[in-house]
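**Q** With chain R's structure known, arrange chain E on it following the hints.
Each chain, written out:
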Amino acid sequence: MHGRTPDNGWRWVWPALAAALVLVLTASWAYAQGEAAPQVEYRDVPFFGSRNLIWIVAQLHLLLGGFVLGVPIFAWLCEIIGVRTGDPRYDKLAKEFTKLLTSAYATTAIFGAILLFLLIALYPKLMSYLTDAFYPTFGLYALLFLLETATLYLYWYGWDAMQDRKRLHLFLGFLLNLFALFIMAVPNAWATFQASPVIVAEGTGLWEKTWALVNNPTWMPVNVHRFIANIVLGGFICGAYAGIRYLGSTTREEREHYDWMGYIGNFIGIFGLLPLPFAGYWLMREVYMYSQEMGITLMGGFLAWLFIMQAVLIGILFLGANYYFWLGLVHRLEAGVEYRKYVLGVLTVLMLCFGVWLTPHSLVASLEEARKMGGAHHPVLGVLGVMSAKMTVVNIMILFTFISFIMYWRAGKQATVKWAKAANVFIVALFTIVSVAVIVLGVWGYFVPAIVRINRFSTTQVLLVLFVLVTVTPLVGAMLKSAKVTKKMTWGQMPVRAQYALVLNAVTVVLTMTLMGYARSASRVHWHIYGVMQDTSPYAFSPAFGFAGLFMALCTFLFCMIVLFIFWVASMGAHPAAEKSVHVPMGKSVPVK
Amino acid sequence: MPWYFVKVMGFVVLFLSAFVYIARSIPQTDSQPPAEFAFDVAVIKTKQDLVKVGQNIFFGKGKCALCHSIGPSETARCPNLEFKGGQLTRGFLYESLTQPSKYIYMDYRFSPPKPFAAKMPVINKPPIGLNENEILAVIAFLQNMGGGEITVDPSELILPVTHVSGDAEAGRRLFAKACTTCHAVASTGRGKDETALRQAIFYVSAGRGDKPSPHQGFDQRFSIKEANDLLTFLLAQRVAAAN
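These protein sequences, in sequence, are chains R and E.
Per our numbering, the first sequence starts with residue 1, numbered consecutively.
Per our numbering, the second sequence starts with residue 1, numbered consecutively.
Just so you know, these hints were derived from the structure itself, not from any lab.
Treat the numbers as computed from the prediction; the structure is a model and nothing was measured.
Please note that a few of the clues may not be correct.
Calculated pairs, DSSO-like style, for lysine-lysine (alpha carbon to alpha carbon, straight line, at most 27 Å) [as the list claims (entries may be wrong)]:
#, chain 1, residue 1, chain 2, residue 2
1, R, K209, R, K166
2, R, K125, E, K125
3, E, K125, E, K52
4, R, K92, R, K418
5, R, K209, E, K125
6, R, K341, R, K421
7, E, K84, E, K47
8, R, K166, R, K95
9, R, K125, E, K61
Looking at chain R on its own, in the form it has when it is part of the complex (with noise of 0.2 Å):
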């Protein structure tokens, strides 16, 4: 019923798990019979190189995980939002997308496997030894796949079945995301391991040593960060998958569908967007805290044009989901030209914003040139490179996307509640004083030692902002509970650059992922296991920005083409929408019913 070829996909998915299962226990046994013989510590693959393969399955294996961790999120989000709103839409759009999962779940196996193969076959002395460290989490890996596909199951299919039950659907789908939760944080721990290892002593217990190695310092907040980012990619792909479907749209319904999905895809994908630059300091704080020649490595070494590109990235992602915000505000909404000069002022402050997030701080510079600017900065744009202008920056471009939404939110509608002038009062004055005390922080920030800044200032900054955040919402939520329809929001007379602006955010996010997927990995320069392990293999280099955007930018095509895959596969079953609906040409008004 709920189609015939997402099934196919799944008979791949145990075959796949079992083979990898017994290939890593047999590669457990084989370590601990502490075999003599001497050990092969690299194979190589001719004429691509091992690195470049295992890279290139790495990522994709990394942003399919994403994907089917991200997707279950928003589906289960929509879920409950039509079960709180009564809009049988979000039921239709999570289940559609919930029929995603099966093939898409069965493809990152896939991936999971092959990178396995290919580690223990490429690089077995690593592999020996984080076998021989994290062991015993394979065992909870392969229970919590267990978990998860079982759940899966009888979340997918019976989803018509439980339409009478819907909050055991709904406790079903956060079984769903509680397990996938958890099949995300156990590779987390053997990656994180990689990059910040700790010493156990001998003779400590197996277990407290396992929970030691894993419990490492970046695991915790690479695990919030990675969750919120596969929020945002789940969000992202969905409003790009809309905006595509929406260009092939010919009838009214489904203009009126495929608008409405790309607003939702966007709306959650900045839901997601706007938390995520403060799990990202976390985490490099965590870095910094670890080791400073890391982070530095990162943020000021060889990395630092990294960095940049990334601030440009995120820059266009924050300016094409507003972007997307002020089309719908202008074409959806009836007289919503006269919005224009508030979005005006909007993007004025998010460029300069954004001008000052991608100043670099500290470049790689020859001894003449560090001498001729006084050290690796610039004399005068080096003062807006340092993190307080940057978290400056940030907060700010944060609140001004909320604003942003808040005005779509709230646009074509009248409050009625007697409250209201009140309320309105006290959301300026909270936007005021937080975004002139942001400023004030960032400022004095260069005044103090780092440790007040990092601790004190940065903190409260975040915190100010997420406080706006969390009042803000439910209070203009309460506020428009019963509010007057002013202006009329017609659905499905988006412009065409509108869908292009959500595929452009889709792949964004994409890109950036495959661009801190790099980070990561180069920032142990040349060590497999940071100060521990050395990479003594012809590829312990990290290449050059120039032929490593290159692979990011082939295994984000990849991806796309993957999940344009897994999209058709899953959209086989479907049968043609609306036969009777009325064809409308591009560009023509589609009234609300």
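**A** Chain E in isolation, oriented as in the chain R frame:
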């Protein structure tokens, strides 16, 4: 394939191509693993030779310039080192590199002043891991740049030991006789390479403060054979411990 889909794919390819173009246009810097640093002691004849090597380490393997500025800089993360070599003693420089948090500074912007320890990687431990000769070269570079007297003499550099082929059993007996008063076998020499181990045992290390080393006179007390036997034994213990 519908035309709108082709256009979307073209847009994606265009965007990714622009990214690759920019990625290839910016300064290209890769990160090579530190070369097996060829610190050929035999070619170091003068103090200026040592200064040149120190400069290479300062900007290369030591990665000092990532944090420290040479000259005033408002935005540098760590102290300006332009004149430090002329202002600080050699012992203090050595200690700052190898035990950066040992000296507790006072921050007088607070009342009462707050103590704080310098945050710096231990320079003779991974991931940087400079050896004794390299540390001495960096000190010479700093002293030269700071306008002070270069107190490191090329004669202090330790000649590389490429191969130790002593009698481990004889070394064990010697260790039991001469060393166990202070050292346990398991911890002796951990983390030191052959060169550093030889220096730690048989030479009074340079710049470690005023206290006389308990190893003072060891270079005279042991014959070359005995020294090689002892080193062979200690290195064998480390290999066994590592396995």
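**Q** For each hint, tell me whether it holds in the structure or not.
**A** The hints, checked one at a time:
no. : hint               : in the structure
1   : K209(R) to K166(R) : 42 Å, violated
2   : K125(R) to K125(E) : 23 Å, holds
3   : K125(E) to K52(E)  : 23 Å, holds
4   : K92(R) to K418(R)  : 36 Å, violated
5   : K209(R) to K125(E) : 24 Å, holds
6   : K341(R) to K421(R) : 22 Å, holds
7   : K84(E) to K47(E)   : 18 Å, holds
8   : K166(R) to K95(R)  : 13 Å, holds
9   : K125(R) to K61(E)  : 26 Å, holds
Checked against the numbered hints listed earlier, the structure breaks hints 1 and 4; every other hint is satisfied.
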